[in-house]
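Visitor: Got chain A; can you put chain B on it based on the hints?
These protein sequence lines map, in sequence, to chains A and B. Residue numbers 1 to 348, in the UniProt record's numbering, belong to the letters of the first sequence in order. Residue numbers 1 to 348, in the UniProt record's numbering, belong to the letters of the second sequence in order.
A hint or two may mislead.
If chains are identical, the list can't say which one is meant, so a pair holds when it fits in one copy or spans any two.
Claimed, not checked - DMTMM-like mimics (lysine to aspartate or glutamate), calculated; alpha carbons at most 20 Å apart, straight line:
no., residue 1, residue 2
1, Lys31, Glu172
2, Lys110, Asp3
3, Lys182, Asp331
4, Lys252, Asp143
5, Lys110, Asp15
6, Lys176, Asp299
Bear in mind the hints are in silico, worked out from the structure with no lab data behind them.
Protein chains: 2
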Amino acid sequence: MLDTPCLVIDLPVVDENIARFQNLADTAGLKTRPHIKTHKLPFFAKRQIEAGAIGITCQKIGEAEVMVEGGLRDILLTYNVIGDAKLDRLAALARKCTLSVTCDNLTVAKGLSARFADEENELTVLVECDTGAGRCGVQSPTDAAELASRINELPGLRFGGLMTYPPMDHAENVDKWLSDAKQRLEDAGLPCPVVSTGGTPNLDALPAFNHATEHRAGTYIYNDRSLIARGACGVENCAAVVKTTVVSRPTKTRAIIDAGSKALSSDLLGLEGFGMVREAPDASIVGLSEEHGIIELGDSDWDPAVGDVISIIPNHICVVTNLFPTVWIKDQNGEMMEMPVAARGMLR
Amino acid sequence: MLDTPCLVIDLPVVDENIARFQNLADTAGLKTRPHIKTHKLPFFAKRQIEAGAIGITCQKIGEAEVMVEGGLRDILLTYNVIGDAKLDRLAALARKCTLSVTCDNLTVAKGLSARFADEENELTVLVECDTGAGRCGVQSPTDAAELASRINELPGLRFGGLMTYPPMDHAENVDKWLSDAKQRLEDAGLPCPVVSTGGTPNLDALPAFNHATEHRAGTYIYNDRSLIARGACGVENCAAVVKTTVVSRPTKTRAIIDAGSKALSSDLLGLEGFGMVREAPDASIVGLSEEHGIIELGDSDWDPAVGDVISIIPNHICVVTNLFPTVWIKDQNGEMMEMPVAARGMLR
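Just chain A, with the same shape it has in the complex (with noise of 0.2 Å):
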């Protein structure tokens, strides 16, 4: 029995979501780079290379160094580093594994070619791009190509290619601004070896990035209730539950669980409620203060005594590997196996 709030995976559901996004993307010709910021875990992330990706995809350097640490040797860092601190991990880095970062501005740029100017090898660089979804990367076609001749130019560096994350639902808008820039880095005399598009949301338009290389996707290996909520995935994908215990019965239509915003985290992404409840899909997780979830029943006949021990689905489930310092991993035996979530809290 469990000590609860724990978070539990089922293995063969991982395996299962492993083996289907590798599939989707054989089939449109497009490699794998999974992103480990769902499991955070070397294990997982050497299943995702036996099962024919060509390496991952990291958002923190202290995550690469996790990874190397725990035996992967090609990754990509999606992120602009900024500042000597970072710069003297991510040198270190290069010398262990082959790495490439992203990068939208000159500022970051020169940062970088400041640092492995001197070093052995030069560093990979990316673009990244805003395609749409209105977080980082450059704005244009236009100026990805600029940002590109001028990482080039600078000593240490290698332009690599383009990296986004497209918005949802806008594939063949995305396709197009990546065209647009592959010819642009074309007629200036770039090569482009890598086009590199994201998301498990867009997993089901990986045919219409014809222009993209390989795809990042991070949360497909374990789904959650906001990509059952898109159409994503079913119930029965989710491969991780947070198990809680019934703590209290207030009142006939409230119950209280031992999982509050430590455990589910405050993420809604759009969706009412802060989970799914596997044992009553229409009861409603109302509200979490920090060490408690509130549910309400409302109609639904389910009626949990105190001490029942109850799975929710998260909303979000890469926020909340990273509130869990271990997570049990669960065999196709039933047997249980409990693993530190190694690059949990991983800041910088």
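Guide: Structure of chain B alone, referenced to chain A:
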């Protein structure tokens, strides 16, 4: 130069905040029992004791274990403790400090009794009361007296008083509720040595808690944007900021920082935006992905450059301290000391 994102605590402001709570409680004739969930550090818990607190409040056994290890000796654990694993740890804790717990139902009370019946000392159990906050707690003064009576009859347990987390702006109703419950306890011949209220948002209401004996508050030690919004403090009373670097300026009106939901959390607490930029309070942190914050500058004259380090006052500081492995404490001379957040991530 600190690497970002990081959490920096201003020690003189902390000391002012500790003194203020103690003074407010002294004036109202209440003892203080600070909740350590905000700082999660024995270092600050001891400072609260030195300032006059009679003990501390924890919500998880893991937090209490860290505090006992750190030298704290009087702990109220405001949680329904369930299950053998936790009960064994609770019994071990009770041998090392003055421990009391709360409970709002008979199932929990019976579990506590079964474990403590053979211990040398009885466990003190307070009845948690739902005085309107809609979380845990018995629903009426009659139910409180009934559960208190049952607790007192159970082997190994001693009824110790009443505990509630009062809703904001209802101090008089709460005091009436507690007064009624105390009367029923008196009618039943049950002494009620402790009546514990809580909440930083209720600090101005302390004089209205005539039937309370002690108050638990946590957030007051650091304060945050939610408390500024409620008028409970000013910007100058906020002791904790997240230092973050501007990593991208994709457009004239958008800046991207290296603090996302893994640093600031997604807690909104009813506010718009995910924190206050100290350098530009009119700028809006409109979105967070896990590793990036998106700031819309709007009409602000503020024009941060890539590489600039800025300070964010989080919406909800308690969940933020749970996300950072260490904090930097800045003393009155500007000297910085890095300290592990010892009771971080204690989910059980």
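Visitor: All hints are to be evaluated individually against the structure, with a verdict given for each.
Guide: Okay, the hints, checked on the actual structure:
{"no.": "1", "hint": "Lys31 with Glu172", "verdict": "within (19 Å within a copy, 65 Å between copies)"}
{"no.": "2", "hint": "Lys110 with Asp3", "verdict": "between (50 Å within a copy, 19 Å between copies)"}
{"no.": "3", "hint": "Lys182 with Asp331", "verdict": "neither (44 Å within a copy, 53 Å between copies)"}
{"no.": "4", "hint": "Lys252 with Asp143", "verdict": "between (60 Å within a copy, 15 Å between copies)"}
{"no.": "5", "hint": "Lys110 with Asp15", "verdict": "neither (41 Å within a copy, 43 Å between copies)"}
{"no.": "6", "hint": "Lys176 with Asp299", "verdict": "neither (49 Å within a copy, 33 Å between copies)"}
Of the numbered hints listed earlier, those contradicted by the structure are 3, 5, 6.
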